[in-house]
Structures are given as structure tokens and as C-alpha cells.
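Given next are the chains, with one letter for each unit.
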Amino acid sequence: MKLKLRFSRSQLCLPYAVFLILFVIAPLLVIIYYAFTNGQGKFTFDNFTNFFANSNTIGTLLYSLLLSLTTTVICLIIAYPTAYILARSGFKKQYVLLMLFILPMWINFTLRITALKEVLTVLEGNISLHPFLNSVIGMTYDFLPFMILPLYTSFLKLDKNLLEAASDLGANKFIVFLRVTLPLSVPGIVSGITMVLLPSMTNYVVLDMLYNSTYIMGSLIGSYFSAYDWHNGSMISLVLLIIIFIVTLVTNRFSDKDSDSRRTVL
Amino acid sequence: MKKAFSCVWLGIILALTYLPILIIAVYSFTDANMVGGSISSGSFENYINLFKNDELRNMIFGTVLLAVGSALLATILATLGAIGAHYSKRTQRAVLNVANQVPVVNADVVTGFSVCVLLIILLGIGKDTFVPLVIGHVVLCAPFVYLSIIPKLKQLDNNLYEAALDLGATPAQALFKVVLPQLIPGILSGFMLAVTLSLDDYFITTYTKPSTFDTISTYVVNATKGSQTEVKTALWALSTLIFLLVVIIVVVMNVLSARRKEKTKK
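If you read the protein sequences in the order shown, they are chains A and B. With the first letter of the first sequence counted as 1, position 251 gets the number 251 in my numbering; the numbers rise by one all the way through. With the first letter of the second sequence counted as 1, position 94 gets the number 1094 in my numbering; the numbers rise by one all the way through.
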């Protein structure tokens, strides 16, 4: 009786399992298939050799990396002290304050970037003169909450007794930070980095809206999509998938299991 | 001194975060056609245009309908999926968790492109049927709903379910009257998250939408490329309304959850 019962309960996940297979796994397999075939359906490596032999596309890859690394570092520099202060300064209504920092991520990002663009136009005049700077500002503006949130969670978990113990044992404030606080916040740092690094390699709309006409990896997919070139589009998707896979493998080693806090505040 | 620095730092970051949104909000109530431009009088013209212009009204309505519809579908699928996975064997659960994680870590560009290639190019499902668009949005949202329900399932007291069975409830009754009610906070927050993700999406929408249909994101991106001032300033009004709505929702949710906590304390 009991066995039969458990069997029926676990069957509830069937629709979702089927859904995931059909619309998450299958599309990825199709991408792989398209990436290794040409218009005639023949197996080929050409899509990849063309990508890696072409200085333009390699330039795009490098530009994406530069842009996303710069954005990530700036987000980290701004978010780290912010999250630290929010979590540890003992403000009354700490949670309300955190909400103030997180709230913008529920406003449609295209509208936020439009607002930013208006302000940048007033400040700079012709914004197309500073494409890289503006893109970094735009991406930072867009993704900062996603960096603050995991950092805040990891600071909140930090055991105060450890800090006291360290200072009782003779460490000064700087050493306490360096040897206790910083290492314990690594999961937060890593999960924040993944949340900013990958989107800022692919979110080409921010660049488009701020008149930066240089391509990043995402723009390549966008332009192949407009050109109905599914094979090269799939090839770029696969390159991105591999990058994402590597980043995930690396970060999984650092992150702690239950702080998967991406966008989960409410 | 330290506290003063903390306050100043938080103040600066908050000011930078909200400055563009607030400037746009102020200008949305004037007749100016660009930020920094001359204001001759205050006006509600932008707000009136927002609802008088058929194109804008349909676009907003369509966006909301798509978000709520796909969030509902995602919530049903993912809730059943999470319950089923919770009572499944360990390996089955692990496989489901990994498949669920794919859209979470994947770049939205790649998710959108792969769904497009499978459904529209390979299977030939017409974009005009809205099927690829809705499926794309469910793929985007459902994994996050799943992730917000799993922790609630782990907190469940399994004895309650067994007790219900011992007292004569059928497995289905026990599931719907004992297990499901305890999951409601997770389901609700998952649903809210799904709605905001769908509202914020640009990439999946672009790759799967019918050419005549626009969501806020795709509409705004196209509008910034054009030079229609009336539409541009009406979008300022939209951005202000969304900002106010988000503030109200966040305040209400927090008051509600504070009350719930108070209740459980008593």
C-alpha cells in the first residue's frame, strides 16, 4: 500500500519532467546539431573554424570579456561595502534598507536604461562618443542589485563570535577582515560574480540602447538571428554554453548550497 | 565617524540608483520633450497619451497578459514538479534538479535562440500562434518557481501527511489539504518571481514573438531607435507608473509578511 502511494506522488513530476526534456534539453541538442552542420545538413566544423580564424569574431569575444570583467569588478567594488554596511552596521529597519537597493530590479530594465540614457545625454552631450564607458555604466546600473543580494546574504550568515574570537586573540580590525570576514564572504562574492559576468557578456540591448555599436557575444546571436543564419547562431550559442558550463563548474566549488539567492527576495 | 561614512556611502549609491528614475518621473509630469529641455508647464499629457494611444495600450495589456498567463502555467508545472521530485528517488530528483538548473544558469539569449530554432525553424510552429512565445516564457520562469518551492518542501513535517492518511484521508486529499497549503508561501513568491521575470524579459520575447506583437521591453527598444517624441515621453509616464506600482507592491508584501511573523510569534 505504502509503496504504491509513494509511486503515485512521485509521478506528479512527470509533466514537468516532460516539459524540461522537450523545451530545455531538446533545444540544446538541436543547437549542437545545427552548430556542426551547414545549410545542406552536412556535418562540418566550418562554423567553428570560421569563428576562431576570423579576427573580427575573436575581437568580439575579447571585447565581451573586457566589458563583462570591467562591469563585474566595478559592481563588486560598489556592492561589497554596500552589502557589508547593510548587513553589519545594525541599522534599524535593515530589511527595508536592503529593499531600497533591490527594488530597481523589478522595474523593466529597458525603461531603466532609457532613464539612464536621458541622464547621460544631459551629462555628456553626445553619448555615442563614450561607448565603452557608457556600456559599463549601463550594465553596472542594470546588474548591481544582483551583486548586492548574494553578498548581503553571506554577510548576514557570518557568525559574530568568530569576529570577536579573532580580535580577542589579538588580531586588529584589518587582520580580522582579511582573515575572517573576507574568506567567509567568498560564496557571496562568487555567486555575485556569476550573476553579473554572464549577463554582461550577452545583454547586447544595453549596448544598443546606449548607442554602442561594437558587438559583444550576444549581439552576434542577434545578428545571425536577423540574417536567418541558424547554423552560425547555434555555433555562437554553443560557444557561450561552453563558457557558461566552465564558469558554473568553477563556481560550484565555492558556492554554498543553500544560498542560491538569484532574484529570490520576495 | 564610521557610522557617518556608512550613511554617506549608502546615500550616494541610493542617490545614483534612483536619480535617473526620479528625474524621468519629474519630467513625465511636464510638457518637456527631452530631459534638460525647457519646461513651460506641468501636464498630464503623457499619462493621457499612454492610455489613449491604442498601440501603447495594447502593448501594455499584452505584456501583462503574457506575464500572468505564462507565470500561471509555470507555477502549476513547477509546483507539481517540485512535489513529485521531493518524493522521488534520489537519482531521479538529482536529474530533475540538474535539468531545472539549465535555464537558470543559461544566458537568456541562448535560451531564446534555442527555443526559437527548435520550435519555429525545426518543427515549423508559426510564431503567430503565440505557442513559441508562451513556451519560451514558461521555460524562463518555471525553474525559478521550482527553486522557490523546494525549500518549503524540505521544511515539511512528513508526519502530518502520514497522520492525515491514518485519519482516513485519501492520498489526494492529504496532498491537497495538508501538503499544498503549507507550500503556499513558496508558491506565491515563485509566482511573483515568475511574473517579474516575464515582464523583464527581452531576449526570449524577441526570438519567439509574432512580428505584430510587442512587450514593454521590445517596444521600448524599438522606440529608442525611432524619434517619435510623443511615444518617448509617454514611456516616461509608463516608467513612473511601474516604479510606483513596484514600490506599492513591495511595501504591501513586507507589511503582510511582518504581520505574519508577528502572528507566529504570538
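Certain hints may be false.
In silico DSS-like cross-links for lysine-lysine, where the CA-CA straight-line distance does not exceed 30 Å [stated by the list, open to error]:
hint, chain 1, residue 1, chain 2, residue 2
1, B, Lys1232, A, Lys160
2, B, Lys1003, A, Lys157
3, B, Lys1154, B, Lys1177
4, B, Lys1152, A, Lys157
5, A, Lys93, B, Lys1263
6, A, Lys92, B, Lys1177
7, A, Lys160, B, Lys1263
8, B, Lys1003, A, Lys93
9, A, Lys157, B, Lys1052
10, A, Lys92, B, Lys1127
11, A, Lys93, B, Lys1177
12, A, Lys160, B, Lys1052
13, A, Lys42, B, Lys1127
14, A, Lys160, B, Lys1177
15, B, Lys1052, A, Lys117
16, B, Lys1052, B, Lys1177
17, B, Lys1003, A, Lys160
18, B, Lys1152, B, Lys1003
19, B, Lys1232, A, Lys117
20, A, Lys173, B, Lys1263
21, B, Lys1154, A, Lys157
22, B, Lys1052, A, Lys92
Simulated from the structure, these hints should not be mistaken for laboratory data.
We went through each hint and held it up to the structure:
1. Lys1232(B) - Lys160(A): Measuring from Cα to Cα gives roughly 51 Å; hence the hint is violated.
2. Lys1003(B) - Lys157(A): 21 Å, holds
3. Lys1154(B) - Lys1177(B): 18 Å, holds
4. Lys1152(B) - Lys157(A): Since the Cα atoms of Lys1152(B) and Lys157(A) sit roughly 20 Å apart, the hinted pair holds (cutoff 30 Å).
5. Lys93(A) - Lys1263(B): Measuring from Cα to Cα gives roughly 19 Å; hence the hint holds.
6. Lys92(A) - Lys1177(B): 39 Å, violated
7. Lys160(A) - Lys1263(B): 29 Å, holds
8. Lys1003(B) - Lys93(A): Distance of about 15 Å is within 30 Å: holds.
9. Lys157(A) - Lys1052(B): This hinted pair is violated, its Cα atoms lying about 51 Å apart.
10. Lys92(A) - Lys1127(B): 51 Å, violated
11. Lys93(A) - Lys1177(B): Distance ~36 Å between Lys93(A) and Lys1177(B) Cα, so the pair is violated.
12. Lys160(A) - Lys1052(B): This hinted pair is violated, its Cα atoms lying about 57 Å apart.
13. Lys42(A) - Lys1127(B): 27 Å, holds
14. Lys160(A) - Lys1177(B): Violated, because 41 Å separates the two Cα atoms, which is more than 30 Å.
15. Lys1052(B) - Lys117(A): 26 Å, holds
16. Lys1052(B) - Lys1177(B): Given pair Lys1052(B), Lys1177(B) is violated - Cα atoms ~46 Å apart, limit 30 Å.
17. Lys1003(B) - Lys160(A): Given pair Lys1003(B), Lys160(A) holds - Cα atoms ~19 Å apart, limit 30 Å.
18. Lys1152(B) - Lys1003(B): With a Cα-Cα distance of about 37 Å, the restraint between Lys1152(B) and Lys1003(B) is violated, given a limit of 30 Å.
19. Lys1232(B) - Lys117(A): Holds: Lys1232(B) and Lys117(A) sit about 12 Å apart, inside 30 Å.
20. Lys173(A) - Lys1263(B): 40 Å, violated
21. Lys1154(B) - Lys157(A): 20 Å, holds
22. Lys1052(B) - Lys92(A): 45 Å, violated
Of the numbered hints stated above, those contradicted by the structure are hints 1, 6, 9, 10, 11, 12, 14, 16, 18, 20 and 22, listed in ascending order.
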